[in-house]
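Trainee: Here is what each chain is made of, one letter per residue.
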Amino acid sequence: MNKKKLLGTAAAATALVLALAGCSGSGNSSSSGSSDKKPTVAIIAKGFQFAYWQAVKKGAEQEAKKLGASITFDGPPKETDVDQQITMLQTALAKKPDALGFAALDSKAAAPYMQQAKSDGIPVIAFDSGVDSPVPVTTAATNNKKAAALAAKHMADLIGNKGTVAVVGFDQTSESGKDRIDGFLNWMKKNAPDIKVLTPQFGAGDLTKSADIAKNFLTANPDLAGIYGANEGSAEGVAQGVKEAGMSGKVTVVGFDSGKAQIDAIKDGTMAGAITQNPVGIGEKVVWAALQAIKGKSLPKTIDTGAYWYDKSNLNDPKIQALLYQ
Amino acid sequence: MTQTAVQGAQAPALNRGRLRAGLQQLLAFASLIVIVIFFSLTSDVFFTYDNLVNNVLVSTVVVGLLAVGTTFVIITGGIDLSIGTGMSLCAVMSGVFIENLGLPLWLGVLGAVLVGGLIGAVNGAAVAFFKFPPFIATLAMMLIAQGLALVISHTSPIYFTKAPGYIDLASGSIIPGIDVPNAVLIFFVTAIIAAILLNKTIVGRYTYAIGSNADATAISGINVRRWTWVVYVIGGLFIGLAGVMISARLASAQPATGQGYELQAIAAVVIGGTSLAGGKGSMVGTVIGSLIIAVLNNGLQLISVPQEWQNVVLGCVILFAVYMDMLRRRER
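Chain order of the listed sequences is A and B.
Okay, so the first sequence: first residue is 1 according to my numbering, each after it adds one.
Okay, so the second sequence: first residue is 1001 according to my numbering, each after it adds one.
It is possible that part of the hints are untrue.
[Said to hold, decoys possible] Here are a few chain A residues that face chain B, going by a calculated C-beta distance under 10 Å:
no., residue
1, Gly47
2, Gly160
3, Leu198
4, Lys215
5, Leu218
6, Ala220
7, Ala225
8, Gly246
9, Ser248
10, Gly249
11, Lys250
12, Asp304
13, Pro318
14, Ala322
Since the hints were made in silico from the structure, they are not lab data.
The structure presented is a predicted model; accordingly, all values stated were derived computationally and were not measured.
By construction, the Cβ of each residue, glycine as well, lies at the ideal position given by its N, Cα and C atoms.
Isolated chain A, as found in the complex (with noise of 0.2 Å):
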């Protein structure tokens, strides 16, 4: 009687979660699944929210459809999430995809799903912030050491080579999240002797919570002559607390990434300028790596995608605009 119950329970409970399964893959895949011919490419990003995820995906179907390819594009609801897109990663390997798109949130949590793809013989290509693992092929991202450096040269430069700067990223676990912030630090530290930089807090991306960062830094260091936010939730956070301070064009403000608050932010002056990478790029090598991939052609170990100082003076660059996203 109990057993049977439970098994109805287990039943009624496997039913919904297929349905529900059902409703998110149609809701998120971009393919129509139609022709069984074209090969599959699942993607796993580390979020979806913010409009950078948005230029990935797009440039991921851009491509895909370029190609004749179909893909699957999922994310966490936010960039701290680890287990829920372990939980994605496990799911889209049960599908057997012919190719997998991952950037880790957290690579050693994943590193046995990397192992499972591998002895699938399903060819995994990483992007973003990569998956610090022997697996992928190929990884297709912005090299966010050398982006963070970048955003180091143009901080010491606008703040005239000397002062405090503090640092407000966004997480502690992920290789991007590291890196963009050792390669901010690494730099000041061998190229800018007189800028002392605080320890970095961190926000989750959360801009309510990196625009209270932001105003505490500026309060407990009011001669502060720099802000560097590292990426889309933590620059726009960062420009929010500023202006909430009053201090909007008497801090440098440099940010990470795009985003219709962080461009606002630079053309009102509350934001000096911004690193940008090549989302839509990202998206498009990712697709275009895992076919070449499927079809067993060799790949560079990194696909570089660059990264662009972009400030008042070049917003309107159609190189610059084109790497943009709103």
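Go by the hints and put chain B onto chain A.
Mentor: Same frame as chain A, now just chain B:
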């Protein structure tokens, strides 16, 4: 058993509950003072008007509003896990009303607050009429609200560009000459209203009664189901208000934030001396609890404590607050 007999038996219990809550409030307040003194001594910028108002109080508002609303729910012995993502949904709806539909500001704000009330009404109906455990009903709502916020916003933030007045709701200052952001004023005014509601009205009396002993309350002729539902609706209105305040502050509705705020709000309520077992608690305590969390986040950063340790400290404070509460109860 007559009605008066039951009420007579309950009255002293209620008084004791209030007395305990009073003691806990005093303790929470004393803790807040100690923490404030500590940071004033260790940081020379902590105890400044600018830091206390523009940093600490501004960062208290959103979690504080959620905490105030959910205090009602927790006193009935319930819990509401949907307040964080519910807040995001209300923020998104505010964006839809004001930006996409172009409704007048007041109507859009009212609409967003009412969406919060609706979330509360659904939670309340599930708990009061369908007898779902509050944890499960509101867990489900947490997921539903998160999903709907993302679906409705097409997973992108909605920016408030057409209504400059909306941003002033949080960041402007209506009192001339005094530099206090409206968000802070709104928080304290609504907290006072909530305190009056809880202490001086029939809603408050029934809230405590349901939490102390729902069966006895029902026997004494009070419609427990209906009043439980009302309590969740009240909590919901605060979710809506929090959604308006966070999106006004950021000039945008961020659909994916929100998760995690519910736990901060519940922590604030617990630090303020409200028991998760129901039946006792206070609004003043909740406000103090919210302030303690905000002061810790601010002060620990000002004295350059690495972020990893800030959460450790916060966790210890919660344990300490609840332990003191348990000690006092054992003494009786």
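Trainee: Let me know if the C-beta of Ala322/A comes in closer than 10 Å to any C-beta of chain B, holds or violated.
Mentor: Nearest chain B Cβ about 19 Å off; hint violated.
Trainee: Quick one, is the Gly160/A hint okay against chain B at 10 Å, beta carbons?
Mentor: 25 Å, violated
Trainee: So, as I understand it, the hint says Leu218/A touches chain B; can you test that by seeing if any CB pair is closer than 10 Å?
Mentor: 9 Å, holds
Trainee: Hint Gly246/A vs chain B: min CB-CB distance below 10 Å?
Mentor: 9 Å, holds
Trainee: Can the hint on Lys250/A be confirmed by a CB-to-CB distance to chain B that is less than 10 Å?
Mentor: 14 Å, violated
Trainee: Given a cut of 10 Å on the nearest C-beta pair, is the interface hint for Leu198/A held or broken against chain B?
Mentor: This hint holds: Leu198/A lies near chain B, its Cβ roughly 7 Å from the closest one there, short of 10 Å.
Trainee: Should the interface hint for Lys215/A be scored as holding, given a Cβ-Cβ cut-off of 10 Å against chain B?
Mentor: Given a least distance of 5 Å, the restraint on Lys215/A holds.
Trainee: Under 10 Å is the threshold here; is the Cβ of Ala225/A close enough to any Cβ of chain B for the hint to stand?
Mentor: 17 Å, violated
Trainee: Restraint: Ala220/A near chain B, CB-CB cut 10 Å. Satisfied or not?
Mentor: 5 Å, holds
Trainee: Next item in the hint list is Pro318/A. Is there a CB on chain B closer than 10 Å to its CB?
Mentor: Hint violated; Pro318/A Cβ to chain B Cβ min 24 Å, cut 10 Å.
Trainee: Let's test the interface hint: is any C-beta of chain B closer than 10 Å to that of Asp304/A?
Mentor: 28 Å, violated
Trainee: Identify whether the interface hint at Ser248/A stands, where standing means a beta carbon of chain B within less than 10 Å of its own.
Mentor: Check failed: Cβ of Ser248/A comes no nearer than 13 Å to chain B, outside 10 Å.
Hints 2, 7, 9, 10, 11, 12, 13, 14 from the list above are not met by this structure, while the remaining hints are.
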